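J.: Read top to bottom, the protein sequences are chains R and B.
Residues 1 to 616 (the numbering used here) are what the first sequence spells out, left to right.
Residues 1 to 387 (the numbering used here) are what the second sequence spells out, left to right.
Don't read these hints as lab results, they were simulated from the structure.
Just so it is clear, the structure is predicted and the values come from calculations on it, not from any experiment.
Some hints could be false.
The list that follows gives simulated cross-link-like pairs (lysine-lysine, BS3-like), each with its CA atoms no further than 25 Å apart [stated by the list, open to error]: (1) R:LYS10 x R:LYS574; (2) B:LYS214 x R:LYS376; (3) R:LYS10 x R:LYS92; (4) R:LYS574 x R:LYS369; (5) B:LYS214 x R:LYS434; (6) R:LYS369 x B:LYS318; (7) R:LYS10 x R:LYS507; (8) R:LYS594 x R:LYS554; (9) R:LYS92 x R:LYS507; (10) B:LYS318 x R:LYS403; (11) R:LYS106 x R:LYS35; (12) B:LYS56 x B:LYS175; (13) B:LYS33 x R:LYS434; (14) B:LYS56 x B:LYS33; (15) R:LYS507 x R:LYS594.
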Amino acid sequence: MVKADDDILKTASQCRHYAMCKIDYLGTGLCPPGKRYHYVSYYPQGRMDLYAAMADNLIPVTEGLVHIAETCSLCGVCDLQCHFVTGLRPLKVMKALKDRVEDYLKAGGKPVSIASDEPLRCLRSIVGSEWATNDPAVLVTYANDPFPLADLKMPRYVVLPGTREEVAAVVRLANELGLPYAVRGNGGSVFGFVFSEGIVLDMQRMRGIVIDKDNWSAAVGPGVTSFELQQEAFRHGLRVNTAEPAATVCGNIVCTGTFSTWSYAYGTAADGFIDMEFVDARGQIFRLNDKQAPNVFAFENAVIPAPGICTEASVKLHPTSKDEDGVLVPFWDFDEAVALARELGRRRIGLAVAVLGIHYIANFMSPSKDLAGLLKDVLPETLGIRYVVFAIGDRFARESIQKLAGPVIDSGLWRTLTLGLPRLLDSEWLDLVKGFEAGRPPYEILCRPEMRPLVEAVLRPSPETLAAAVEEDLRELYTGLYSQPRFTDMTWLNMFRILSSRMSRRKHMFAFLVYVPLDRNDVINHINAEFARIAAAQGLDHDFGFLTPMDLGKRAILEYDYYIDHTDPAEREKIGRVLAEIGPWLDGLAERTKGVTFLKYVFSQGCSRKENFLYR
Amino acid sequence: MILITGGTGFLGAHLAAHLLEEGDEVILLARSKQGLSAADRVGRLLDWLGVAANRKKNVHLVEGRLEHPGLGLEPDDSALISREIDEIVHCASSTSFAERRRAEVEAVNLDGLRHVLDLAERSRCRRFHFISTAYVAGINSGHCLEELVRPAAFTNVYEETKCRAEWLASERCAKAGLRLSIYRPSIVYGHSETGRSLLFNALYYPVRTALFLKNLYETDIRERGGWRAAEMGVRLDGDGWTVMPIRIMAEDGGGVNVVPVDFFVRAFGAIRERAVDGGIFQVVNSRRTRIEDIIEYTQALFHIRGIMVCPAQDMEGKPRNALEEVFETYLEAYRPYLRDRRIFGAEKAGPILDDKGIRCPDLTFDIFKRCLDYAVQCGWGTRLFRG
Ligand SMILES: NC(=O)c1ccc[n+]([C@@H]2O[C@H](COP(=O)([O-])OP(=O)(O)OC[C@H]3O[C@@H](n4cnc5c(N)ncnc54)[C@H](OP(=O)(O)O)[C@@H]3O)[C@@H](O)[C@H]2O)c1
Ligand code: SF4
């Protein structure tokens, strides 16, 4: 086989499996073959894997691969979608994949036809012939994630059921045949948990959303993503508590209980749903609201299996008000930022609250990796910002925050700073801003309303100004995106979590999440310091991520992130070593300290009552 | 040999050049920064200072950082220092005023000094020259003497740590039998004859700001319809001058005590030569420059009109606009230095300088122009150490 182009292969192997190419989050439309055929193999994400797999000689040119390659029209939608969050340009991979397959065929190569077998025939009789396969070109795209510690695990079959009855039948069949199975919500999991040597069930086809306005609820199928549900809720003037936009709603609830900055007001775990439907390990269907259903509301501090395959969740919808908007309160000192977040929680001010580190802010704002890198230095060094308390609230909440906190970055200034970002980083201007420093950090002066005309005169914020920071051929598209007010609207960006994937643009992110007692700064600081120490000892990039108050500021969820190049074996070894250290340390800490729970143990117990893991 | 810390800084570099010129051999403590190695930085600096090729061989470089015990030196460098140095000129310092950087400022200005003194004690060094500041005087309205002081309060963490450092140096040097000279310059600006400088803060900052704003609004007027300029009342006059109506709140009297770097260097040389037993010396200007004069110089040099000093009562009821806010913020931080009425005595330094015929020039328009022309031409110092 021809040698893969290094640059193209590098792009292909950098895919983070965030599945942002599987949701239409930019309003540019979805990858047409992905939308039509549902298998992840047809989406850009799967195609990236396929290209890398071909380069590694993992798969032959099968009939499935030929079809996958042929159905890509090189429309280019994925190039912008992927670039927006990762900075990668996948279109060249899509082209190279097509070329490779075409060259093979032109050279007289015959596509390999994979023979059917009895289990496949049974699966097809359940879901229809199109929705179960054993073609390696499909299987390989369900075989691993950029989780550095998991090896490739090729399933024998991938199946896309369309109804809960089909799910139940597949489970019963797997039991009969003695085949293991795993379920993947959106054909992707960044933690590498969900693989099987037997059957992988991809729930992509079960995408029903039924809004019941009178009951403030939405019944969602297991293939519905957070983004799609939020979009539907938004259309009705409502909101749901959702997490990563491309993650499925059901998968997220089962897995982590769904936490986000909105968990501040909307809670987490059992707070998020009204009822859920599962297929259990025997292939029987049950709902949580059955008196006879297993008690999934209890929590056990251990890694235990999920209650079954979720086939529907009835999720809570929340009201919104027209005057909601975002505000950022900058801080130099972490404890002061935490104190404000706690105070807001106690006083029940705002709807979504989080303390964010500068890595987040820098990446949220910047359309490119380089700009984010610069901004990450400038925020603390020049502006005096190391943390921000981010909040969404109505007019009254924002006024209260301003009264409590002093200088804030309101939505207008946020928009100005975002759209003028390249000029914010201009060195002459920064020298001038540095000179504002005296007793108070420079951001305080920048935030003053009187300063706004000067800031605007200097930054000349506009979609074009911002777009100048990306590659020339993308500028027009970026200008188009940023001309839409929602792309600088903090509420919209946050409720759809559009920017969160940008965090791992530089490197693959490894997030550690811990529930913490919010009135114990000593504990929180200790956790941050230990995470920092462990990472530094291994020479890994690391940063504080965020902290969101929960349950009236009594508890919080804290994220600390490690950044690794998942394609580098040395970094893989390092992450292995840190995991070996972090597990026992956090277990010990949790045992000694009320309010500390490692999210690892909530995985698969996301339906439990949050009280059972927050107050152990 | 003489160890110089802070040799890549403004004053340290000039002192190094002076000592080399005198025929001394120097060891420079330097660090890598902004992608440039320590050697690279020192190399560029020596070129900038115009150190003659035959003198360059008298420069030794050691890499280190003040905040590390032993300055983080390589064992060989540490041995070289212990073996060879006769004097130390300690210029390195954090000059940040920012309270949020207190830990860092203390680490450099106090722990750093301790580490340098540790090294001095382990060596054959007998003289310790400590570059301090006239502003150890803290918040004080009276006469500031050339002696150790304990003011009740300081304007910022910089002043405070410099004052504590003087006490620390005095106690440790007395114990170790080191002769200590403390030099207290006021605000140092560029060379009075060439205008050259390495640092463009303090005096330069507000002038640079005025020029930045002028350029910003001029471009707005010429290229973008000028509505942002109009918003601030900025316009172009028929003769091409820019009108920037900016009110700067006046207070009575006072001024800024500034000395050019050439004067500072000559004063240092004379005091080092004459006061071999050490002491405390204020290297200051006996006359202050009024802020009004600096405004006038700035406007004349850059063709600006409209910046005016305005009594507090005239500002009442007329809130400051963004441009006024910028200057007010600056004034707030620098008020004690800009509206200074303190008298800095030079009872000890004065006679030495008089005797040597060394006199501090006043900041005239000519000197101001020379210094600012140089600042603009060199991009406010940004190019020398660009990686
Ligand atoms: N300039 C004035 O107007 C003025 C007035 C009164 C007193 N002073 C005093 O004069 C002395 C020199 O000031 P300057 O104006 O020349 O300031 P400067 O240009 O900022 O120089 C400071 C020097 O200290 C060095 N330094 C800072 N932190 C260090 C560390 N951790 N380890 C090693 N070196 C470190 C810097 O090294 P890098 O180059 O590597 O950063 C630089 O060489 C200071 O003690 C200051 O208090 C200055
Ligand atoms: S270029 Fe191909 S892979 Fe990308 S969105 Fe279009 S059809 Fe899908």
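J.: What's the verdict on B:LYS56 and B:LYS175, does the C-alpha distance respect the 25 Å limit or exceed it?
T.: Given pair B:LYS56, B:LYS175 is violated - Cα atoms ~35 Å apart, limit 25 Å.
J.: Hey, R:LYS574 versus R:LYS369, does the alpha-carbon distance stay inside 25 Å?
T.: Roughly 24 Å between the alpha carbons, so the hint for R:LYS574 and R:LYS369 holds.
J.: R:LYS92 and R:LYS507: Cα distance at most 25 Å?
T.: 20 Å, holds
J.: Under the criterion that the straight-line Cα-Cα distance not exceed 25 Å, is the pair B:LYS56, B:LYS33 satisfied?
T.: Distance of about 22 Å is within 25 Å: holds.
J.: Is B:LYS214 within 25 Å of R:LYS434, Cα to Cα?
T.: Since the Cα atoms of B:LYS214 and R:LYS434 sit roughly 19 Å apart, the hinted pair holds (cutoff 25 Å).
J.: Mind checking the alpha carbons of B:LYS214 and R:LYS376 for me, to see if they're no more than 25 Å apart?
T.: 29 Å, violated
J.: Against the 25 Å threshold, does the CA-CA distance of R:LYS10 and R:LYS507 hold or violate the hint?
T.: 13 Å, holds
J.: R:LYS594 and R:LYS554 were given as a pair; does the straight-line alpha-carbon distance stay at or below 25 Å?
T.: Given pair R:LYS594, R:LYS554 holds - Cα atoms ~11 Å apart, limit 25 Å.
J.: Decide if the proposed pair is consistent with the structure: R:LYS507 and R:LYS594, CA atoms, cutoff 25 Å inclusive.
T.: 34 Å, violated
J.: Mind checking the alpha carbons of R:LYS369 and B:LYS318 for me, to see if they're no more than 25 Å apart?
T.: Distance ~44 Å between R:LYS369 and B:LYS318 Cα, so the pair is violated.
J.: Given the hint that B:LYS318 pairs with R:LYS403, does the C-alpha gap stay at or below 25 Å?
T.: Roughly 24 Å between the alpha carbons, so the hint for B:LYS318 and R:LYS403 holds.
J.: Between B:LYS33 and R:LYS434, is the straight-line Cα distance small enough, at 25 Å or below?
T.: 18 Å, holds
Violation of the numbered hints given earlier is confined to hints 2, 6, 11, 12 and 15; the remaining hints are satisfied by the structure.
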